[in-house]
Structures are given as C-alpha cells and as structure tokens.
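There are 4 protein chains.
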Amino acid sequence: MLGIGVIGCGYWGPNVIRNFASIEECELRAVCDLDPERLGGIHRRYPAARATADALALIADPAVDAVAICTPIHTHFPLAHAALEAGKHVLVEKPLTDSVETAEALVEMAEDRGLTLQVDHTFVYGGAVRKIREIIDEGQLGDLLYFDSVRVNLGLFQSNVNVLWDLAPHDLSIMTHLIDRQPRWVSAIGSTHYGKHENLAYLTMKFDDMLIAHLHVNWLAPVKLRSTLIGGSQRMIVYDDLAPSEKVLVYDKGITHNADVSSRNRALVDYRVGDMYAPHLDNTEPLNRVCRVFIDAVERGIRPPTDGLAGLRVVRLLEAGQQSLRKNGEQIAL
Amino acid sequence: MLGIGVIGCGYWGPNVIRNFASIEECELRAVCDLDPERLGGIHRRYPAARATADALALIADPAVDAVAICTPIHTHFPLAHAALEAGKHVLVEKPLTDSVETAEALVEMAEDRGLTLQVDHTFVYGGAVRKIREIIDEGQLGDLLYFDSVRVNLGLFQSNVNVLWDLAPHDLSIMTHLIDRQPRWVSAIGSTHYGKHENLAYLTMKFDDMLIAHLHVNWLAPVKLRSTLIGGSQRMIVYDDLAPSEKVLVYDKGITHNADVSSRNRALVDYRVGDMYAPHLDNTEPLNRVCRVFIDAVERGIRPPTDGLAGLRVVRLLEAGQQSLRKNGEQIAL
Amino acid sequence: MLGIGVIGCGYWGPNVIRNFASIEECELRAVCDLDPERLGGIHRRYPAARATADALALIADPAVDAVAICTPIHTHFPLAHAALEAGKHVLVEKPLTDSVETAEALVEMAEDRGLTLQVDHTFVYGGAVRKIREIIDEGQLGDLLYFDSVRVNLGLFQSNVNVLWDLAPHDLSIMTHLIDRQPRWVSAIGSTHYGKHENLAYLTMKFDDMLIAHLHVNWLAPVKLRSTLIGGSQRMIVYDDLAPSEKVLVYDKGITHNADVSSRNRALVDYRVGDMYAPHLDNTEPLNRVCRVFIDAVERGIRPPTDGLAGLRVVRLLEAGQQSLRKNGEQIAL
Amino acid sequence: MLGIGVIGCGYWGPNVIRNFASIEECELRAVCDLDPERLGGIHRRYPAARATADALALIADPAVDAVAICTPIHTHFPLAHAALEAGKHVLVEKPLTDSVETAEALVEMAEDRGLTLQVDHTFVYGGAVRKIREIIDEGQLGDLLYFDSVRVNLGLFQSNVNVLWDLAPHDLSIMTHLIDRQPRWVSAIGSTHYGKHENLAYLTMKFDDMLIAHLHVNWLAPVKLRSTLIGGSQRMIVYDDLAPSEKVLVYDKGITHNADVSSRNRALVDYRVGDMYAPHLDNTEPLNRVCRVFIDAVERGIRPPTDGLAGLRVVRLLEAGQQSLRKNGEQIAL
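Protein chains in written order, with our numbering: chain A, 72 to 405; chain B, 72 to 405; chain C, 72 to 405; chain D, 72 to 405.
It cannot be assumed that every hint is accurate.
Claimed, not checked - Only pairs whose alpha carbons sit at most 20 Å apart, straight line, appear in this in silico DMTMM-like list of lysine to aspartate or glutamate:
id, chain 1, residue 1, chain 2, residue 2
1, C, K295, D, D323
2, C, K295, B, D312
3, C, K398, D, D378
4, A, K398, B, D280
5, C, K295, D, D312
6, B, K295, A, D312
7, D, K295, A, E317
8, C, K295, B, D353
9, D, K267, C, D280
10, A, K202, A, E356
11, C, K295, B, D311
12, D, K398, C, D312
13, A, K267, B, D214
14, C, K295, B, E317
15, A, K295, B, E317
16, B, K295, C, D312
17, C, K295, D, D341
Keep in mind that the hints were calculated from the coordinates and are not lab data. Remember, it's a predicted structure, so these values are computed and weren't measured experimentally.
Sequences are here, hints too, so could you generate the full structure?
See below:
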C-alpha cells in the first residue's frame, strides 16, 4: 500500500493529513513540522504515523513512497527537489514554487525519473470548476471573451509573500484549467498599505485573440467576495464560490453583431436574453479528490489535471505579474 | 422667472425636461430635437414650451435664459460654446466634453462671462454619494487607501463612444467628488469584442500617497452590478447602488500594523472588527436636485458641486484613460 | 373607438389613466376625482379628457363606453353597479368589492347584460405569474403540495381596511389564478398593534387534497419582502417579486417516498436534487396588459382571465378570512 | 475533575463529545451507542473514554459525574430519569422530553436532588441570540409586537417525529429565551405530504398583550431559510442565521400613531426611518458555550439560562401545538 508522508502541519497540512488518513488505498505513515506543539497535536490524533521535526528524515523514510508538502512557498522547491531526488512522488501545495526556474527544474526532474508531481490547485477539483470546464468543453459559451475574478476579504496578511502570490494562485489555477491558451502578456498594479508586501493587486492578461482576463485580489476588504464572471459569445457564467447553493449560474445572454449598421444610429448590436440555469454540482470535498487523484497518478500512471506543467503555468503568470507589479503595470510578455 | 431650454429629447432629455417642468422657480420655455417624432411627443406633453429642431434658434431665443444640453457627447462642446457665447447659463449632460482642450475652453468662457456652467454628474446629487462624502468629511474612514468600482451590465452598446466614455464618467464623477486630490497617473486596458469601440475596460489610477483607484466598466456582463468598495484606515464602505435599501454600508473594520514583528511569524497586523451600520439616505430624485442646484447657481451665484472644473477633472481622467487604452495600459501622467 | 372613463385619480388611477392614454385602440374621454387638486393635475396632463368631480356624470356620459374604477374599496360596488346599470363595461381595482353578496350581484348583472366585468388583479398579468401558470399547466411541478406567500413591508397603514383586505388580494389573486380548486376552509389570525384594523395577519387555507396555502401579510415589517414558495411533488418554485431579474426560480428538487422502510431507521424518503433554472420573463408592464385585455374583452368578447368570477373567488376568501380573524382563527368553511 | 459520559453518537453526539473532550475543566470518561460501528469510530478517536453499548452501565459508572444525552427524543425521559436517580447531573439534547408530564417530572427530580438539569438549546448560546437578548434587555426595541420565524429546507424527514418536534424547538427556545411571558394560547396547522408525520407546520401564539408569535417549519422547501423578524414599537430586528456575516440587523424604524386623525384621511400613522446597524457578534461555537455553562452549573451552582424549566416551557408549547395540529388549528390554552 502507498505510504504517505506529510510535511507541514500548519493551516492546510492538517486537512491534507485528515484526507489521506481517511482514504483506504493509502496509509499515512509520517508527519513533520518544526513546531513541537503542532506536531504533538497531530501525533495524538494519528498515533500510527511517525512524527518528526526533520523533513529530510521523513523524505528518506523507506516507508514513505509519496510526500505531500504543505509548507511556506519558499520551501516548496528545496523540499520537493529532495523528495524527487529520493525517488518519492510529490504533491505540493499551491503555488508549485516561487519562480519559473525552480518550477521548471521540478517538472523536468519528475519527468526524467517517471515520478508523479502534482500541485494542489484545490479549486480545480471542486464541483463548480469541474462543471464550468464541462460547460466550456461542450461549447456552450461559444468563444471566450473575458474572465474576470474578484477574491477579496479582510486578512490574512502574510509576512513573506504579497497578496498576488497568496490569493491569485487560486484564480490563475482556475483560469489556466479552463483556458488552454497562454496569455500574450501580463500587467499588474498593486498597493502596499501596510508592511513590505502588496496587500491589493490588479492583474490583467491579454491573449492572442479577443480574450482578456483580470484579477482583483485584496487582503483589506470589508466583505468577503469570491466571484468570477466568464463572458462567452453564446453564454456567460457567474460563479460565486460563497453562494450557499447554486454557485454556478449560466446565462443564455449575449449580443448579435449587426454588420450593416449604415441606416441605424445605435442599433450596433441586438441583445439576446434567454433562461438562466444553475447546474447541480458535485459536493465532494475538493481536497479529497486531490488526494485520490494523486494516488491514482502514482499507482496507475493517470496524469492529474494539475500536474507539474499546470503548476508551472501558474508560476509563470505569477512571476510575470510580480515583475509587472515592480514596474507599476508595465507589460511583461510571456 | 428663469426660462429654461432643453436640447436633446433622447434618453436623458425627457427626464431633465420633466424635472425642470415640475420646479416652480423656473419655466420650461423651449425644447429641441432633430427627430420630429421625439420632439412631437415632448411637445404634446409640454405644449407651453416652444418646440424646434434648430438648436441655435433655441439658444438665440430671448425667452431662454439657461440651456440644458442632453445630446451625444461630441456635440456638447459646440452647443455649450454657442450657448455661453449667447450669454446663456449652461447645464451639460456628463461628460462635459470629449476632450480636455474643449472642456478647458468652456470653463474659461463661463468664468470670463460670469455664467453658470454645470455638469450633470447625477450621482453626486444622490443620497448615497452625499452621505459618503459626509462620512469622509467627518474623518470616519481615516486615510483613504483604495477606491474600487464595478459598473457592468448587458448593453447598451453605443455607436460613437466606447464603454470608458459611456460608463466611467459616473464612477469618476463620484470619485473626484469624494477625493479632492488628482491621481498622479492613469492606466487603462480594454477589449473590443464587437464593432470598433471597447466594450470592457479596466482603469487604474495611482495617487501621490498610498491611494489607488480602479474601475471595471463592461457592456457585456450577464448581470447588472454597480458596486463600490472604499477602503480607509479606520473604516470601509461598501456602496451598492442597486440595493433596494441600505445602499451604503459602513464597516468598522481595519487592521493595526505591528511595527515590531521580529518575534512573530505571521502576526504582521492585528485585525479589528466592530459593528456595521447603514445610514438612512435621502431619497430625493438626484436629477431634481441637479436642476434645483442649477437654478440656485444661476439665480443666487451659489457654486454647484459639479461646476465646469469638476467636469474638467473627469474629462482629464477620461482623456488620459483613452490614451492609455490605445497604448495597452501605458501609464499616462497627469 | 372605445371611450374610456376613469374614476379615481389617487394612487393607482394615474397609472391606469397613463396606460389607457397610451393605447391606440381606445380613447381616454373622461376622468373623475373628488379632490380638485388631483383632478386638475390629471387634467393638465390629459387636456382632451373631460374632467369632473361627479362620478355619476362620468358614468352617464355617452362618450364613455367603459369605466375603470380606482377608488377606495367600499365604493367599488355602488360605482360598478351604477356603471353596469348604465350599460357600461367595467374594470375595477382589486378587490372586486368588500363582500361576497355585492360581488355576486355584480357578476350576475354583468352576465345578464352581456357586459364585460374585469378585476384589476395586476399580478396575474405580469410575466412572472404568467410563466408560473405555464409551468404548472405543463405539469412540471407534479402535484401541488403547498403555496406559501410573504408580503410584508413598512406601511402604508390604511384607515378604512385592514392589512388582509389591503395586501392579501394580491396573493389570493395569484393563488386562485394558479390553483383552480377552492379551499375547503380558511383560518386567519392577526394583530392590531395600532388603530382599529389588523396590521399583521396570517391566513391559512386547506384544500380537499394535500394542498395547504398560507399567507403572511404585514404593514409593520422593517424590510420589504414579496416572496412565494410553491411546493410540488416534482419541482418547486421560489418566486421573489423584488428580485431585479430572475424573479422565478424553478428547482428540480423533491423527495421519493419509500413505501417499505421496515429495515431502515431514518430513510423514510430519498432526496432528489437536480438543476435549477430561471425562465426568461416577459417584462411588459402588467397594467398595460390589463388594459389591453380589457379592451379585447369589450371589443371582441374574449373572456379576461380575471373576470368577475375570478374577482368573486378572491372576495370569498377575504370575507371568510375576515370572519376567521374576528374569531381568532376559527375555521370558516367555504 | 468532572467526569463526563455521553450517550448517543449519532448526528449531534460527536459534536458534544468533541467539545467536552476539548475542555480542560472536565474529562470525557465514557461514551455509549447501540451501533457498534459508530461506537468504534468514536472510541478510536477518544481511546481514553470507556466505550459501551449499555446506557445504564454508563450511568452507573462511578467515574461518570455528569451525563449528556444525545439520543432520539422518546428516550430522553427514561435516560435522564435514570441518570438523575443515580445522582448524576444531566445535559439533554433539545427538546427536553416528549411530553409536559415527563418534563415536569425531570424538573422536579433535579430540584429535589440538587442536581443540574440543562437542555441543549444551542441557539440560545450563539452570538446572535445573545446579542438580541442584550438589545431587548436594553429596551432598544420598545414594546415587543411580533416574533415571526421561518425555518425551512429540504429534508431530513424523521421517522419518529413530525417537523414541529424536529425544527420548532429551535425557534421556541429562542423565543422563550427572548420573551419572558408565556403565550395565552397556541394554534397550529400542518400538512402531511408523505408518510405519517407532518412535514410542514405553521404555529401561531398569542400573548396577553399585543404580542403575536408565528413559526413556519417545513422539511420540503427548495431553499434553506432561517430567518426571524422581531417587531418592536421602537426598533425591529431581522435575524438571518444563514448570513455569512451580519446575521443580526437592527432597524431604527417604526410608526407613530396619530391619536387625532379626524381631519385627515390616511395619515393614521407617521413613519419613522433611521439608520440600520449590524452589531458585531461573538463567533464562539455555541455548543462549546453550552458545555462550559454546564460545567459551571455543576461545579459552581450557576443556574444555566436553559435549565429544566426553560426546557419545560418549550415542551409545553410543543405539546399544545401538537394538540392543535391534531384538531386542525383549534386554540389550545396554556
């Protein structure tokens, strides 16, 4: 049976541990955290798993076949690198790493050694995004025109990264999962109201065709919003992740362009308004799917939808966004 | 009694006519439109006002002391210019004109001749924006950190202007009314999905201090949104103009910056969460106030809050935004 | 051409006048109100219509073929009676009259004389209720299980009627339009917090089958709610008349009854949850349809959906509800 | 240290167990369930607590000082009775018992033996209800006029009780906590669409003064609603327990009664509309407070807000409601 080791028992780690522990196709064999109190708490709940403060010891443990890394971003690369080098499969919390260079190195390593490298882009595994992907794949939206996402709330200010690296990976992982093409360029503008890191940022991306994408991420908003508009030539979607039900609304709305407008003044376009529908969504815990998909990838070689390359695509956009942020919105080509 | 002439009986003109006609301190004496059907319809409802298709004749009419201009944007300047030259007071629909040069010319002309020049920035006269201004003036928000506005819906595609010139004047008039300072630079990125003009645009503005402002305007959204977040160091506001009541919510939320974070990892800031309140708002029709303020300006020399200079400030931001749009988001200094 | 006279220029009358005036198939020929100021205001806007303070003179006017009655409830019967006696077709504001006896008399008179008698149950003519009727007629809901309506807000306290006669006619006209059967009995409980009339009431109705209907009407609520739940064995509807769009939501939800539950403890039923959809609704002003249907009824003998009998059904429920109110909820059989 | 035993590991029991286990002032010493699988699951997570299928053995266990009963309603009395007889303090899930007679017997037993008897009316311990109580105690609402509660959703159909006994205890426990007086009479009407028990019920209660209370409970609604309106002569409250934040809204709205309305027609009342505010609420898990209050009651003799008498008040209303239900809404005096 697949032996799992989890490094990092902070905010997200305990969720990953709980899910792996509940899946019968694998065994939680080791957990690791630098903080003795956290580690102790986890150990009491999962006494069968070896507890250690030494990540490299966990990686080296022959009982551990696969390692889940739930640590601060800047440690993703060294830990994943060590794990791959030790021949272990790797599941990394988002974002994959903090630079394109290191992300590429991990992708290459995993490829070379035939190991699974998966990023925990959790939203991609949720019922809402999977349904939207299905709707897009069926061609219901027509040509994609825009992708507009708002992810704001009060807190949690991070000490080591800015709001772009903290919140935007969610939206970028959703976007890159739904849209196969890569943007042509990225532009980002932000503001640092407290401390050293931007707590508010706007990220704009243009594609080769008419598609435009835009993100608003903000740690300092009085209300919590997680809302995405996706405009298509045939239909449009409003995805509100905080809605208690009916998170995805599909509007049969659009416009018809009038090529010949010579005779009329304003009738450039005609409007089309039909029904709206809210598809029923699968409510399985997304993280549970992440873990199961990871096991399937390791055991049966099924490529996960958020493999290393998917992780790299997100890191590439983040890095470009970061460069643009520093230059106050200058376009960064991809 | 002040004699009013109204040029333009399209979308907005009839509302202006109805309001002036209902105010006892003035008299609606003339109306003008090129379309005989529209003009006829208005004439039947207001038979006492002279109806003409000739705007210059209306302006020249000695019974007309003041002219309201509710015509397409590119005609604002020639009509307002002619009216001021004829010694008439002028109320212009937003935006004042389609260029800084012409806007400045009108401001100067009005100043030189001692005539009232007022722009119909309607939202500035509504209960919501007036209350927000009051809250800011009282210092309730502390330092302003950001202004984020979303104004999207399906339609109406305009044939002569893009979405920036069509929708952003509303948000910019609100912003410039609430914030006395001028942004240092403007950046705008948009997309033209149909026809020749942008139907979606993002406008970002940075100020000399930490303040950042951002607008999202969109003619192609499946839902109608008019929502503004205003972040302050002490309190924050959510203003939803479509809320049936409680349009303005004031959140006693914020963060306290910890200067010394040496010993702690993430506690960069402390969060403060108190009560929220929704002030009772005056429900008077904003356009009625616009008209009354205009009459007071003409009759008693009281400077309206949206005088020519206020109109010029908005046009300056639009023109800079337009330049940036053409250059794909390049910063335009002000 | 059909000549229309309108009696009553208070709250609703001006809307009726505006609509008849805008329809080309008829002519507004006379208006009537006891209040000289109101009457004068209407006369200035519609100078072609004869203005009078004498309702009987309007009824007797040979230019008037049909009379719309928009006056307080207790005057509906005498005015409609006089109009029918004078051979005029009649459109009455809801409710038809203030008693079953008088309502029956009007129905009979209109029938005997071959005149149109229509009640202005406005909601029945709106896009939302018409669509719900269509959905029910198609059998989408399956068996109807319950009809639950909430219509509350602050004000307007009426001096002559209680909240039941003021607000419940709306819900009862919707209910009787959607449900062909008559309830078996009615029970109502209310409260009189100020003055002499109930300002809050709950009305419950039971039908011969499993169907139950319930109304909550309240003049003293801090928020405005107009919301109806309709439960069916196959689908269920949430109808929120205040929603800016998507007023009608159809949920593909329900339960499947397990006949044999011997072996299981709680699995009495299985739940079925599918998609939700919001049908596109016609946005025509309902009152305009009311007027057009009235004209068609008069001119072409097409029976309106809210004829005298429909009006009588609502009055019968109101009268029974009123009796029950007085007896603190005692069942009143129908 | 106080030794706790918990009987019932079904839906609610595990939450009670988790909370007692996390509190340092007590020790979870025994757990009980008839289902070996459930019991085993709990035992693995809490190996220090003795696991048994025999409730009486748990009660008799000398290590157990206090017993929490989280079993189906009809077992509350025999188990609580046995526990009190054995000299153990008792915390019972809501409702206290299934009849006034048995509830009274428990209250008396606890009183006689000086033992703590507390009912787990969880909502009473939540931030929202505690704040509303505070607001009422401060007199902010003025005289209470009405209490209107809606608690509807799809499922869970219970096999042994109807929707009144399942859902109404929540609203009744809130109501009796906020309103000290007892209603004069109760009336209830319901409907049984599937199986043997009512799945929809309306419960109305009248008090000696103007106060009226009304509950709508429904297992067969397409949407989940938990919403309470509380009308006062000075202010009114909307409490929406499903709101992600700002669950309690306090409206400074009301009417002023005009004693002398001789000269005016409709101006029976004047309306007063002021600000709305949403007090910040304590977010502690209510069940954690329930447990801590229980410990304080046992250890320090502090009377809990939901003691046996509070439980009895709720049962009295349920029993009266049940009688009325059977008689189709007949008034049951209290």
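These are the hints, each one checked on the structure:
1. C:K295 to D:D323: 15 Å, holds
2. C:K295 to B:D312: 17 Å, holds
3. C:K398 to D:D378: Status violated; Cα separation ~36 Å.
4. A:K398 to B:D280: Holds: K398 (chain A) and D280 (chain B) sit about 17 Å apart, inside 20 Å.
5. C:K295 to D:D312: 18 Å, holds
6. B:K295 to A:D312: Judged against 20 Å, a Cα distance of about 18 Å means the pair holds.
7. D:K295 to A:E317: Within the cut-off at roughly 12 Å; holds.
8. C:K295 to B:D353: Given pair K295 (chain C), D353 (chain B) holds - Cα atoms ~18 Å apart, limit 20 Å.
9. D:K267 to C:D280: 15 Å, holds
10. A:K202 to A:E356: Roughly 15 Å separates the two Cα atoms, so the pair holds.
11. C:K295 to B:D311: 17 Å, holds
12. D:K398 to C:D312: Status violated; Cα separation ~35 Å.
13. A:K267 to B:D214: 18 Å, holds
14. C:K295 to B:E317: 12 Å, holds
15. A:K295 to B:E317: 18 Å, holds
16. B:K295 to C:D312: 17 Å, holds
17. C:K295 to D:D341: 18 Å, holds
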